[in-house]
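**Student:** As a plain string of letters, each chain reads:
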Amino acid sequence: MDVLEVRGLRKIYESAEAEGAPVRALRGVDMAMDEGEFVAVMGPSGCGKSTLLNLIAGLDTPTEGEVAVAGELLSGKDENDLARMRRKHIGIVFQFFNLLEGMSVLENVTLPAIVAGAPRKQAETRARDLLDLLGLADKAGKGPGVLSGGQRQRLAIARALANEPTLLLADEPTGALDSAGGAEVMELFRRLHRDGQTILLVTHDDDVAAGADRIVQMRDGRIVGEHTEQATGGAPIFAPLEAPSSR
Amino acid sequence: MSPIWLRARAELRSGWRRSLALALLIGLAGGAVMAAAIGARRTHTAYERFLVAQRAMDLVVSPAGGYSELPKLTEVERLPQVADSARVYLVPGQLHTPSGREVTFPDVFPLIDPVGRFGVTFNTMKILSGRAPNPTRADEVAVSFGVAQRFRLKVGDQLRFDLFGHDANGDSNSTVVHRGLAFQVVGIEAAPGEFEALGAQNIAAVHLSPALARTQPGVAYRTDQSLAVRLHPGNHSVERFFEQARAKGIDLDTNVSLADQAVSVQRANEFQAVALWLIAGITGLTAVAVFGQTVARQTFLESIEYPTLRALGMTRGQLWNVGLLRSGAIAAVSTALAAAVAVLLSPLTPTGAARIAEPKPGVWIDAPVLAIGAVATLVIFVLLAAIPGYRAARARGSTLGTAEIAGEERGLRLASTASDLGLPRTAVVGISMATQPGRGRTAVPIRTALLGTTFGIATVVAALTFSASMNLLTRSPGLFGWNWDAIAVSTTDRPTEHEIDQIRAGLAADEDVRTFTAGTVDTLIIGRTELFALAMDPSPSVQPAMIEGQPPFGSNEIALGTDTMRSLGVRIGDTIQVSGGNDIGEGIKGRRQQMRVVGRLAMPSFFFSFTRPGQGAAVTLAGMKLLKPASQGDGFFLRFKPEVDRRAAERRLASQNLFVLPRQEPGDLASIRRIANVPLVLAGLLAAMSAATLAHALITSIRRRRRDFALLRTLGFVRNQVQATVAWQASTLALVALGIGIPVGVAAGRWGWRLFTDNLGVVPQPVISWPVLLLLVPGALLLANLIAFVPGRIAGRVRPAVVLRTE
Chain P
1 MDVLEVRGLR KIYESAEAEG APVRALRGVD MAMDEGEFVA VMGPSGCGKS TLLNLIAGLD
61 TPTEGEVAVA GELLSGKDEN DLARMRRKHI GIVFQFFNLL EGMSVLENVT LPAIVAGAPR
121 KQAETRARDL LDLLGLADKA GKGPGVLSGG QRQRLAIARA LANEPTLLLA DEPTGALDSA
181 GGAEVMELFR RLHRDGQTIL LVTHDDDVAA GADRIVQMRD GRIVGEHTEQ ATGGAPIFAP
241 LEAPSSR
Chain H
1 MSPIWLRARA ELRSGWRRSL ALALLIGLAG GAVMAAAIGA RRTHTAYERF LVAQRAMDLV
61 VSPAGGYSEL PKLTEVERLP QVADSARVYL VPGQLHTPSG REVTFPDVFP LIDPVGRFGV
121 TFNTMKILSG RAPNPTRADE VAVSFGVAQR FRLKVGDQLR FDLFGHDANG DSNSTVVHRG
181 LAFQVVGIEA APGEFEALGA QNIAAVHLSP ALARTQPGVA YRTDQSLAVR LHPGNHSVER
241 FFEQARAKGI DLDTNVSLAD QAVSVQRANE FQAVALWLIA GITGLTAVAV FGQTVARQTF
301 LESIEYPTLR ALGMTRGQLW NVGLLRSGAI AAVSTALAAA VAVLLSPLTP TGAARIAEPK
361 PGVWIDAPVL AIGAVATLVI FVLLAAIPGY RAARARGSTL GTAEIAGEER GLRLASTASD
421 LGLPRTAVVG ISMATQPGRG RTAVPIRTAL LGTTFGIATV VAALTFSASM NLLTRSPGLF
481 GWNWDAIAVS TTDRPTEHEI DQIRAGLAAD EDVRTFTAGT VDTLIIGRTE LFALAMDPSP
541 SVQPAMIEGQ PPFGSNEIAL GTDTMRSLGV RIGDTIQVSG GNDIGEGIKG RRQQMRVVGR
601 LAMPSFFFSF TRPGQGAAVT LAGMKLLKPA SQGDGFFLRF KPEVDRRAAE RRLASQNLFV
661 LPRQEPGDLA SIRRIANVPL VLAGLLAAMS AATLAHALIT SIRRRRRDFA LLRTLGFVRN
721 QVQATVAWQA STLALVALGI GIPVGVAAGR WGWRLFTDNL GVVPQPVISW PVLLLLVPGA
781 LLLANLIAFV PGRIAGRVRP AVVLRTE
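Going line by line, the protein sequences match chains P and H.
Per the working numbering, the first sequence starts with residue 1, numbered consecutively.
Per the working numbering, the second sequence starts with residue 1, numbered consecutively.
Hints should not be assumed to be uniformly reliable.
Stretches of chain P that chain H covers, calculated by requiring three or more beta carbons in the stretch to come under 8 angstroms of a beta carbon on chain H [claimed, not checked]:
1) 35-41
2) 103-117
Far from chain P by the CB rule (all over 12 angstroms, computed), these chain H residues [said to hold, decoys possible]:
3) 2
4) 7
5) 10
6) 24
7) 65
8) 155
9) 213
10) 309
11) 313
To give a feel for the contact side, a few chain H residues facing chain P, derived at Cβ under 10 angstroms [what the hints assert, rightly or not]:
12) 11
13) 302
14) 555
These aren't lab readings, by the way, just hints derived from the structure by calculation.
Just so it is clear, CB atoms sit at the ideal spot from N, CA and C, and this is done for glycine as well.
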């Protein structure tokens with residue numbers, strides 16, 4: 001079953017300046033993900049990777065096209081329905097962690113489950129399990145401020161997993177980390193993937209993308225190619241896609 | 001536990017210092033507003049409560065028939081309408097004060113009740129300092145606060161009293177029968193009837209000990225005996241009392257009527273109450289303007305992580321509720337604090353006469369004000385937070401995932417103008433920072449800061465304008481109706497035309513008198529109301545003080561007071577029917593006349609007229625004679641030459657068989673003087689609040705724009721230039737606020753003064769104190785730069801490498 005299906009996705013940002021030209025962030029993107037897949041979207045800065053992620057997460061609305069997560073079409077949903085969809089299906093890991101600084105490590109992980117309606121005890125039990133799993137159990141009562149970069153991203157991952165999401169989205173998850181921290185986080189993603197977690201990761205780093213099953217290449221708002229580990233036997237070969245019409 | 005509560009709790013926990021600081025500031029401001037409102041209500045009711053607490057009398061009466069009818073007072077005491085009574089004797093004599101002044105009735109009322117009830121259990125004294133006289137000590141007295149103030153008496157002072165004798169009819173005369181009775185002032189007191197009020201009698205009491213009646217049996221002369229009565233309450237109680245007396249064949253003179261006096265005292269207190277309401281209102285508005293931006297900024301700071309929370313599944317509604325819940329919690333603390341502050345400040349009010357009357361000085365818990373104030377604080381705070389909270393909940397996330405509040409790009413175009421003018425770079429950047437709010441995390445609440453500072457300056461200017469106008473009023477008798485120096489009236493009852501001509505000739509030849517016009521003061525009936533009216537021969541040099549329109553010139557023209565016009569519902573140009581009255585004495589009937597309203601006048605106060613401010617009329621003397629044919633015009637409204645000693649001239653005229661009525665101030669003016677400092681105190685308070693607003697805006701700006709300052713450093717700005725940039729920013733904010741605040745404040749002050757004087761019935765002449773306003777500009781700029789000094793130094797010390805890396 002497709003966990004994610006994206007069809008003809010376009011996103012145009014109107015310029016704030018009256019005389020400014022609109023920015024075509026996405027120019028027709030089609031993609032799909034199966035359950036348990038680990039996909040990396042690669043591309044240079046400004047190619048539309050983060051916009052794609054925001055549209056998949058329902059944090060923004062497309063100018064045209066459709067997104068379906070776990071069979072649920074996002075188009076037509078209002079803000080509240082999109083928020084409910086995220087609670088159920090989406091976990092997000094940000095480049096700069098976006099931890100809730102006023103809340104403890106435990107509360108950071110507990111909150112998404114409580115938002116999703118879980119009783120506090122149950123949410124805390126799940127959060128402690130996740131912290132234990134990610135090696136942060138001893139930091140539960142502390143604030144995120146005391147954590148190292150790698151630990152902060154691990155906490156962000158734990159938080160993203162709190163509701164056992166159908167799809168884990170990660171936006172440059174190693175972008176703010178040193179190489180050791182980055183490796184640590186990627187190892188964690190691979191572990192989660194082995195356990196069956198569906199992951200969509202956005203990066204501009206070849207090494208990070210190499211950890212995924214499938215790599216989707218983006219440029220100028222379009223998917224320009226993709227390869228899979230199985231197809232190439234480890235060597236990246238980009239399969240050119242049908243070029244979408246430019247609008 | 002709901003996610004809303006969990007998040008709100010976390011926000012309160014992490015930002016508890018700034019939340020507490022905000023709660024404290026709002027609590028203090030709310031407390032000040034509530035304290036002023038409590039003070040206003042206390043002032044308003046103080047005298048009424050005083051009368052109840054002191055078991056006040058209603059009337060002091062004596063038999064109209066004099067000595068022979070004194071036994072009838074016993075019957076009066078037993079009238080059904082009388083609830084309680086006490087005999088009180090006016091002791092005739094002369095009092096010698098420690099400062100050497102010799103004082104007699106009516107400047108002092110030496111009173112004695114041989115039974116010892118008056119002032120003790122009936123119409124009781126409230127002891128303000130010292131104690132009540134010992135009823136067994138003949139040498140102890142308590143004096144009213146008015147007497148103490150006027151003759152500078154204090155507890156412990158020694159008084160001497162020369163007791164006067166009486167003639168065969170029992171009437172007292174000026175023969176001293178006992179010289180040098182020694183008294184000691186043991187207490188300063190206030191009792192019903194002793195408060196000074198224009199247009200009503202007040203008792204300048206010196207309460208003698210009942211023991212004196214035993215040691216000096218002659219002190220109480222029978223003719224100076226009165227009966228103080230308290231009547232059963234109810235409508236027409238006084239009328240019923242007099243009817244019952246008449247039914248017994250007793251005709252009574254009213255010496256003191258507490259009802260009349262209470263109205264006058266109450267009116268004087270009312271001005272203070274209104275001033276306190278104004279303080280409450282203006283402080284409240286200023287607090288809303290100043291703290292509105294603080295609340296908005298705090299809401300924004302707390303909402304930085306909202307995009308993340310939305311990514312975690314929280315809805316916009318939930319995020320808005322988080323903001324409301326957090327604000328509600330802070331508001332609850334503010335409210336509790338405000339109530340506590342209001343109660344703690346309550347002993348500071350009332351002031352003036354109301355404070356003397358206040359039966360329960362000290363801490364005052366005014367439940368309605370506290371309840372309404374608490375609800376208002378809570379609701380206003382939450383409403384202030386609701387709009388920025390709503391915007392924050394809807395904000396888009398930045399690339400960093402933090403909130404980017406939209407709609408903050410536009411600013412004033414002053415910076416480009418400054419650049420065109422070739423001002424230094426520090427000025428251009430500083431002006432730009434003062435006028436460009438910026439976006440997202442670096443957004444500075446420029447507009448709200450500017451609004452708060454402008455509002456503060458406008459209210460300071462309005463308060464100064466109000467104060468200057470008030471000062472002018474207290475110095476300008478013409479504005480409150482006394483458009484002349486004195487009125488000289490013949491002492492002869494119904495003088496002949498020849499006698500009047502002689503007075504006129506005498507005044508014309510008098511070297512002290514500059515100008516005068518003939519006239520009189522009499523009553524007229526307009527509608528169903530009997531009014532005092534000035535009647536003056538039209539004269540270009542002495543005429544009624546007009547608020548608008550013209551003074552009456554023709555015999556069918558009339559000018560009316562503000563209150564009279566309002567109650568009659570007439571305007572200038574209308575025609576009304578005026579009557580001289582049905583019985584105007586000596587069998588002469590008054591006439592009716594259609595008169596055209598030509599103006600609105602400021603009606604002066606006279607000691608013999610008991611009218612509210614703005615009640616009265618003015619006609620020409622010819623017009624008065626049409627209405628009241630017996631009117632004579634034996635009074636002369638005169639002005640002295642500027643260099644003349646007015647009092648000496650009045651004394652000299654009085655020695656020439658003229659009754660001279662010197663200029664009288666309305667009782668309200670005394671109240672205005674008592675509150676003269678209120679606008680200035682208010683101005684100081686508002687100036688402090690404006691300074692706080694500016695400081696807050698600058699500190700916020702420095703914190704938010706660290707990156708900008710770091711960039712300026714990398715572009716070559718030295719520390720002093722960064723500091724100068726901040727100074728320019730502060731100066732620009734102050735200048736823009738001054739540019740808008742001064743004209744708005746002047747307009748508001750003038751408008752407020754007109755509104756205030758409209759109720760007083762005086763000529764509204766708002767004045768602008770230009771020297772003070774001109775000083776305000778450099779003063780505000782200096783203050784702004786002083787405030788900017790510390791933030792400027794902080795900005796100058798920004799370390800570019802550290803800031804740019806962390807940003």
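**Student:** Would you say residue 155 (chain H) is clear of chain P, with no C-beta pair closer than or equal to 12 angstroms?
**Tutor:** Holds, because the least Cβ-Cβ distance between residue 155 (chain H) and chain P comes to about 62 angstroms, which exceeds 12 angstroms.
**Student:** Run the C-beta distances from residue 10 (chain H) to all of chain P and say if the shortest one exceeds 12 angstroms.
**Tutor:** 4 angstroms, violated
**Student:** The output says residue 7 (chain H) does not contact chain P. Does that hold with a beta carbon cutoff of 12 angstroms?
**Tutor:** 7 angstroms, violated
**Student:** For the region 103-117 of chain P, count the residues whose Cβ lies under 8 angstroms from any Cβ of chain H; is that count three or more?
**Tutor:** Result for this restraint: holds, n = 8.
**Student:** Grab the minimum C-beta distance from residue 302 (chain H) to chain P and call the hint holds if it beats 10 angstroms, violated otherwise.
**Tutor:** Result: holds, 8 angstroms to nearest chain P Cβ.
**Student:** Regarding the assertion that residue 24 (chain H) does not contact chain P, is the least Cβ-Cβ distance greater than 12 angstroms?
**Tutor:** 20 angstroms, holds
**Student:** Let me know if the C-beta of residue 11 (chain H) comes in closer than 10 angstroms to any C-beta of chain P, holds or violated.
**Tutor:** 6 angstroms, holds
**Student:** Does residue 555 (chain H) pass the interface hint, meaning its C-beta sits closer than 10 angstroms to a C-beta of chain P?
**Tutor:** 73 angstroms, violated
**Student:** According to the definition I'm using, a residue is off the interface if its beta carbon is farther than 12 angstroms from all beta carbons of the partner; does residue 65 (chain H) meet that for chain P?
**Tutor:** 88 angstroms, holds
**Student:** Taking C-beta pairs only, is residue 309 (chain H) more than 12 angstroms away from all of chain P?
**Tutor:** 7 angstroms, violated
**Student:** When you look at the beta carbon of residue 2 (chain H), is every beta carbon of chain P farther off than 12 angstroms?
**Tutor:** 7 angstroms, violated
**Student:** Are there three or more residues in the region 35-41 of chain P whose C-beta lies within less than 8 angstroms of some C-beta in chain H?
**Tutor:** violated (count 0)
The structure fails to meet hints 1, 3, 4, 5, 10, 11 and 14 from the earlier list, while all remaining hints are met.
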